[in-house]
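In our numbering, the protein residues as written are 549 to 621.
For the record, the hints were derived by calculation from the structure and aren't laboratory data.
Do not take every clue at face value.
[Claimed, not checked] Per label pair, the in silico range of CB-to-CB distance:
(1) A571 x A621: 42 to 52 Å
(2) L588 x G568: 20 to 30 Å
(3) T619 x Y587: 12 to 22 Å
(4) L572 x R595: 18 to 28 Å
(5) G557 x M613: 13 to 23 Å
(6) I618 x A575: 30 to 40 Å
(7) R595 x T619: 16 to 26 Å
(8) E590 x L610: 33 to 43 Å
Owing to the predicted nature of the structure, the values given are computational and were not obtained by experimental measurement.
From the three backbone atoms N, C-alpha and C, an ideal C-beta is built for every residue, glycine too.
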Amino acid sequence: THRVGHGIGLDPHEPPYMFGENALILAPGMAYTIEPGIYLPERGGVRIEDDVVVTENGCETLSDMPRKLITLA
Numbered sequence: 549t550h551r552v553g554h555g556i557g558l559d560p561h562e563p564p565y566m567f568g569e570n571a572l573i574l575a576p577g578m579a580y581t582i583e584p585g586i587y588l589p590e591r592g593g594v595r596i597e598d599d600v601v602v603t604e605n606g607c608e609t610l611s612d613m614p615r616k617l618i619t620l621a
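Make a model of the complete structure from these sequences and hints.
Given below as structure tokens:
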């Protein structure tokens, strides 16, 4: 089972894990990923990950990747 995201720090995958039953309130200074995925039966899938840090005023995205959709034939 994949989650929507997870904490990052000393390990690339560490708590907190982001899923529906997790009631943890994120606090300033915490770093985590947001990585939604899509899976198509018999075809495969993909996950796109953004790294985010919680700030006093919300959050800041640390990833700087273009959001261009490329269609493969």
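Consistency of the hints with the structure:
1. Separation of A571 from A621 is about 45 Å and conforms to the stated range, judged on CB atoms against 42 to 52 Å.
2. At about 22 Å, the beta-carbon gap between L588 and G568 stays in the expected band of 20 to 30 Å.
3. T619 and Y587 have their C-beta atoms about 18 Å apart, which keeps the hinted 12 to 22 Å range intact.
4. The hinted range of 18 to 28 Å is satisfied by L572 and R595, whose Cβ atoms lie roughly 21 Å apart.
5. The beta-carbon spacing between G557 and M613, approximately 21 Å, falls within the hinted interval of 13 to 23 Å.
6. Taken as a hint, the range 30 to 40 Å holds for the pair I618 and A575, whose Cβ atoms sit roughly 37 Å apart.
7. Separation of R595 from T619 is about 19 Å and conforms to the stated range, judged on CB atoms against 16 to 26 Å.
8. In this structure, E590 and L610 meet the distance hint of 33 to 43 Å, their C-beta atoms being roughly 35 Å apart.
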